[in-house]
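Spelled out from the first residue to the last, the chains are:
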Amino acid sequence: MAARSQHPNRRKIAMERIETLFAEAERVHAEHPAWSDRYVERALAIAMRTRVRIPRALRRRYCRRCHAYLVFGKNARVRIHGGKVVVTCLACGYQRRYRVVKPDNGE
Amino acid sequence: MITPQNVIRHELIGLSVRVADSSNPRQIGIEGTIVDETRNMLVIMTREGQKRIQKRYATFDLRLPDDTRVRVDGSILVMQPEKRTGMRIRKLR
Chain A
1 MAARSQHPNR
11 RKIAMERIET
21 LFAEAERVHA
31 EHPAWSDRYV
41 ERALAIAMRT
51 RVRIPRALRR
61 RYCRRCHAYL
71 VFGKNARVRI
81 HGGKVVVTCL
91 ACGYQRRYRV
101 VKPDNGE
Chain B
1 MITPQNVIRH
11 ELIGLSVRVA
21 DSSNPRQIGI
31 EGTIVDETRN
41 MLVIMTREGQ
51 KRIQKRYATF
61 DLRLPDDTRV
71 RVDGSILVMQ
81 PEKRTGMRIR
91 KLR
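So the protein sequences, as listed, match chains A and B. Per the working numbering, the very first residue in the first sequence carries number 1; after that it's consecutive. Per the working numbering, the very first residue in the second sequence carries number 1; after that it's consecutive.
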């Protein structure tokens, strides 16, 4: 780790890049959903390489299994079931359950 | 913030570009938005469709979100996009 030359701002820049990629994914999704999925992959690659955590709000906008960018109501179904929020990816069918907690407003 | 100092380490997808110079004269002047990036290529969405430009042999004029313009030699961008963050002690300009 230490041997590789690292830029001091790399994590900050990485976070900005992740945010712009998700913003672009959102912007472009209506016309080119495939690009959005590609941008998610890019963002994940950056996050992994720089070991930056993707913010929770963004983490819930892509599918854990197929990495599709999710637009609720379009390619993702959101339902309340048994006190949990169930998000179904309509591309691969993967269901992700989120608990509902009071102080937690991550959606 | 994306600045002229950190463009080469920042995200290029979404920026407007113009190909300022290229070893292929037909590519000079191509204008549009960057929609994808690979190790060696930039994919630019123009009015006439997508154009894939090799980074190595071209120079790009990038327009940043705050409307400043930067000229970047494509050969220093030749690297996987996720690797660009973090690396490198700055080269010229």
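Treat the hints as calculated values from the structure; they're not laboratory data. Owing to the predicted nature of the structure, the values given are computational and were not obtained by experimental measurement. Please note that a few of the clues may not be correct.
Label-pair restraints from in silico Cβ distances [unchecked claim]:
#, chain 1, residue 1, chain 2, residue 2, range
1, A, R49, B, Q54, 22 to 28 Å
2, A, M48, B, P4, 47 to 53 Å
3, B, D67, A, A57, 24 to 30 Å
4, B, R47, A, K74, 45 to 51 Å
5, A, R49, B, Q5, 33 to 39 Å
Beyond 10 Å from chain A on every Cβ pair, some chain B residues (computed) [said to hold, decoys possible]:
#, residue
6, N24
7, Q27
8, T59
9, Q80
Note that CB positions come from ideal geometry on N, CA and C, so glycine has one too.
Indices of hints not satisfied (ascending): Numbers 2, 4, 5, 9 - these are the hints that the structure violates, sorted from lowest upward.
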